[in-house]
Amino acid sequence: MDISVKVWSALVGLLLLLRYHHRRRAERTSNPRGLPYPPGPQPELIIGNARHIPSRSSWLQYTEWKKSYGDIVHLEAMGDHIIILNSYRTAHDLVGLRAAYADRPVSQMISILMGWDRVVSSAPHGEKWKRYRKILHPYLHRETISRNTENMMKDTHRLLSSLMDSPDQWDRLLRLHTGRLIIMYTYGHKVESAQDEYITVAEEAINSTSTLVFPGAVLVDIFPMMRFIPSWFPGATWKRNVKKWRKMVDGMVERPFQRVKAELAAGTALPSVTSAMIQDDGYDPEDITWCAGSLFAAGADTTYGSFITFILVMAKNLDVQKKAQAELDRMIKPGTLPTWEDRDRLPYVECLMKELLRWCPVAPLALPHALSGKGDFYDGYYIPRDSVILANVWAISQDRANYEDPARFYPERFENPETAELDPRSYVFGFGRRTCAGQNFADASLFLLITYILSTFDIGPPRDEDGRELALDPPFTSGVLCHPEPFKCTIRPRSEAAVSLIKAGVDAH
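Read left to right, the sequence shown gives residues -26 to -1, 1 to 483 (mature numbering (1 follows the signal peptide of the UniProt record, and there is no 0)).
It cannot be assumed that every hint is accurate.
Claimed, not checked - Taking CB as the label site, the calculated pair distances span:
id, residue 1, residue 2, range
1, Ser205, Pro391, 57 to 63 Å
2, Glu395, Glu38, 21 to 27 Å
3, Pro208, Glu124, 56 to 62 Å
The set of hints was computed from the structure by calculation and includes no laboratory data.
Note that the Cβ used here is the ideal one computed from N, Cα and C, for glycine as well.
Please take these sequences and the hints and turn them into a complete structure.
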């Protein structure tokens, strides 16, 4: 074994041991009532439950643990405490109602070194976060979104035309459509292809974090002092990579902002959230840069996840598809497509949207919270200060206490107001002060996508060369987000009238 590896191994072992004993001593003084931690798997000496935490689809294991340990589960990994909330009651009581749970965990790698703590969704709970939320609020309010759906409708109609021309490319077209919507709203920039600079720079920045978000993924999160190691130090390749990754994050938000500034100066800027904030002299340029970048970074992947899940459930549930199409045919004037104003006249489509959010939550663990201040007590258990708090949205969505036959895709569960089951919008967008600021934008774009596609296309399972129906059971992503991997299906215009409607819309725009 190389001598540097031996030294590093010995140093890491010593630091782990010291950290473990320091944490134990501190917690004995902060838990005077001597209450136990919530139940969980038996930890190993020093490393705790580090080896028990799955690196992929962890929400499935956490949900399985509910059977053994209950609604609230405790893990300890390398001295850090993790609390998993497996029911709506526990998630609502803690992260929903208690202000002490509104913070985010501090990741030395992602937050500090890579700079993601400047994005609203990851920022610490403090004055800057409050200021950013206040700046963004008027641009993401439901009424503001509803008044600005014209561009969404134009781009969604453009998607219909592309689907008609290239139905086998539906997944690529959906991803492009998602980026086009959020970039147009945020920066007033028209995206023409998947190679657009705005899209590629965002993908590079977001992908750089994909393997770094799990507890214990990088040593610097366990030993914060390691962030001061110089990049030339032996074995510090990660530190050299960090500089590259931080440049990607900075470029993702700064380049679009500078372009909008230049377009405003030249008089060519299209309406957007960024141009409106720049024209308001009350906002600091850095605040505008990161508020806009927050919309950009958070919007694309989660919205795409809902879009691709919609295609899957329609291809697998033809009865649901036909019922929604019948409502659209009955309530929307022939030769036209739905508008935002038609939404209240489409109650079954509304139920379909709710069931889509419930059946496969795109963010099955939401974003982690952190307990700030001091330790807390709940249900007879002690929750240590700085614990990472995970609201298991997946467990809530599959809980038989909330939903009858939860594995079934069944929009009718929401039809009768008197017997309707738990509205998934009360938890899939997060809890409390950290509820997703962009949920109204996501909601509007999903409504238009569903109604436009179902008005004009039939979606079905794939078929072989002889026309026989093939099984449709694609794998799902297993990282931070959960949605189907790309799969084959059939997408065809419903009729010649639908073809004419799509063409007429393209000509009009």
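Each hint, compared with the structure:
no.	hint	in the structure
1	Ser205 / Pro391: 57 to 63 Å	holds (60 Å)
2	Glu395 / Glu38: 21 to 27 Å	holds (23 Å)
3	Pro208 / Glu124: 56 to 62 Å	holds (58 Å)
This entry satisfies every hint, going by the numbered hints stated previously.
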